[in-house]
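Residue strings, one per chain:
2 protein chains.
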Amino acid sequence: MAKSPTVEDVARAAGVSRQTVSNVLNSPEIVREGTRERVRAAITQLGYAPSMAARRLRTQRSATIGIHLDPYAGGISGIVLDRFIHALTDRATPRGLRILVYAANDAEEELRRVRQLREGGEIDRIVLTGTYQGDPRADWLSEHGIPFVAFGRPWGEPGAGAAMGNPDRPWVDVDGAAGTRAATVHALDHGPRVAFLGWPTGSGTGDDRERGWREAMSVGSGERSDLRWTAVDTVAAAREVVEQELSAGAVDAIVCVSDTLAVGAHLAALHAGRADMPVVGFDNTPVAEALGISSVEQRPERVAEAVLDLLVAESGTHDGDWHRLIEPELIVRTREAS
Amino acid sequence: MAKSPTVEDVARAAGVSRQTVSNVLNSPEIVREGTRERVRAAITQLGYAPSMAARRLRTQRSATIGIHLDPYAGGISGIVLDRFIHALTDRATPRGLRILVYAANDAEEELRRVRQLREGGEIDRIVLTGTYQGDPRADWLSEHGIPFVAFGRPWGEPGAGAAMGNPDRPWVDVDGAAGTRAATVHALDHGPRVAFLGWPTGSGTGDDRERGWREAMSVGSGERSDLRWTAVDTVAAAREVVEQELSAGAVDAIVCVSDTLAVGAHLAALHAGRADMPVVGFDNTPVAEALGISSVEQRPERVAEAVLDLLVAESGTHDGDWHRLIEPELIVRTREAS
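Chains A and B supply the protein sequences, listed in that same order.
Here the first sequence is numbered in the numbering used here, starting from 139 and rising by one per residue.
Here the second sequence is numbered in the numbering used here, starting from 139 and rising by one per residue.
Derived by calculation from the structure, the hints in this document are not laboratory data.
Beta carbons are placed, not taken as given, at the ideal position from N, Cα and C, and that holds for glycine.
Some clues are possibly wrong.
[Stated by the list, open to error] Facing chain A, a subset of chain B residues (Cβ under 8 Å, in silico):
#1 Leu207
#2 Pro209
#3 His224
#4 Gln271
#5 Arg366
#6 Trp367
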């Protein structure tokens with residue numbers, strides 16, 4: 139195996155100075171995005187290990203990020219979190235950051251693990267996922283001085299939806315409402331009666347996605363609360379609700395809170411001879427792709443990039459924006475009649 | 139947060155001696171499976187961190203396992219590897235083992251990463267995934283004295299299919315042929331003309347799965363090479379092939395090499411008015427579940443358990459079986475007509 143590449147090799151390959159390579163490794167937020175990407179591509183391509191930087195990081199602010207992996211629960215949308223982990227790993231490696239994954243069955247067990255790993259010097263910062271109302275983890279991490287960034291807003295906290303705020307509670311999230319707004323605007327091209335198939339009210343994520351539909355409808359055809367349907371997150375529940383609704387009244391399209399519900403809506407539409415009716419899901423999973431169902435893509439790769447940017451930023455050097463909302467992307471597909 | 143649990147707490151909760159707890163942590167292969175499971179459940183439940191054991195492991199044979207995470211490639215069956223990573227993490231944590239994930243775009247880059255992580259004392263053993271013909275990684279790891287276990291057989295090596303063998307090349311794999319054999323036996327209940335929809339010949343995994351179909355057919359209705367169809371691993375390719383074949387001749391059921399091909403076969407069957415015809419996939423993905431398609435479940439949780447058993451076993455204490463074939467399980471579902 140050839141000699142390990144040096145920082146000079148990376149600088150030459152990227153066409154930048156050594157200082158710029160060093161900045162990308164240590165203060166990426168001060169480097170222009172295009173340059174940053176070029177340097178990281180060179181690091182990946184050459185397999186450069188920024189050992190000195192990594193060592194400095196490890197002793198001062200270390201270089202290993204802990205992230206909890208939920209037990210596999212099955213289901214269609216679990217893939218989004220897995221994509222996020224893949225993307226985080228992919229982007230952490232060229233930055234000289236390590237990713238250590240650990241298991242835990244609940245928040246308390248997770249915090250015990252974090253404490254053990256931190257005390258053992260095995261991790262020095264944390265990525266939180268699966269945030270929920272009343273989540274004790276952010277408070278605990280703040281109290282113990284463990285830097286972290288959450289993928290997901292602290293739903294239920296005052297001002298949780300604000301774009302700027304408390305650097306003690308940094309988070310990155312996907313703008314769910316923007317996704318369903320785009321989906322609804324697209325669906326309105328096919329007629330004014332666009333239904334929303336959501337989860338029962340009360341989940342931060344689900345309510346946020348419903349809001350996008352409401353906002354687009356109020357601009358388009360006006361309030362249509364009779365077109366707000368709910369189902370728990372299973373294909374069978376969605377199919378049953380949509381079959382009933384399609385036999386009860388006229389609908390032009392259905393925007394769904396998840397791909398799971400979209401698959402149920404799709405099967406119900408086929409059953410009703412409405413293979414042409416637009417159905418839009420959320421999460422852009424392999425299932426939606428396989429069945430030709432349009433869906434809102436969360437872009438977990440952009441979430442991962444933003445999480446890492448916040449995770450390595452220091453309060454002193456950062457511009458103060460500790461919360462990032464990633465704009466999702468509507469993927470439009472034409473369903474084939476089966 | 140309460141005081142950290144001790145080994146006594148674990149022993150009491152599991153109803154075993156301290157020595158047994160210690161054995162589970164350090165020499166799990168000498169403890170009966172039921173006892174081992176009970177102790178591990180107690181460790182997980184109490185959140186016990188075997189810090190002494192972990193420290194001993196780290197200094198002597200360390201306690202951090204490195205595993206490569208491929209970039210997310212989309213597709214239906216990628217979920218199997220993610221389930222494996224979840225299961226590995228879930229089972230490593232109570233054993234006091236850490237999982238460090240890293241990215242790499244090819245085998246050479248992966249080996250560079252492994253060398254860096256190993257030299258930095260950050261990992262001490264490796265789980266290989268995605269083995270393939272001519273894979274240089276196992277040789278390299280053996281030459282450099284880095285312990286590893288592969289998920290996947292070294293296809294193409296002489297004796298790769300053997301159940302016992304070289305402790306320098308330990309692997310755990312799923313018995314694909316057993317899975318398709320069970321699927322074919324099930325399908326033969328519906329008639330003698332069971333087709334196999336596989337990938338083009340040449341992939342170790344695909345050829346192994348085809349063999350299971352051939353073996354079951356030779357016992358059942360005899361050789362039917364005309365019912366051996368192929369498609370690349372996309373829904374559209376499978377659908378096209380199956381639509382052609384269904385219009386050309388009589389078939390009673392279709393066993394597929396993957397859930398991706400099974401979705402295509404399912405859509406083709408629906409299109410041909412054959413919603414009742416059995417279609418069996420492989421990997422038991424959320425897509426198969428959502429569409430009610432029978433599928434062969436790889437049991438990645440058992441693979442993870444076996445990988446960890448081999449990874450912590452020492453040549454001296456182990457019984458000599460360094461290769462494990464996990465029996466998959468056929469999940470039978472009744473497809474609903476859409």
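Structure-based check of all given hints:
1. Leu207: It holds, given that the least Cβ distance between Leu207(B) and chain A is near 5 Å, below 8 Å.
2. Pro209: holds, 6 Å
3. His224: Holds: closest Cβ of chain A sits about 4 Å from His224(B), inside 8 Å.
4. Gln271: violated, 22 Å
5. Arg366: violated, 24 Å
6. Trp367: Status violated, d = 19 Å.
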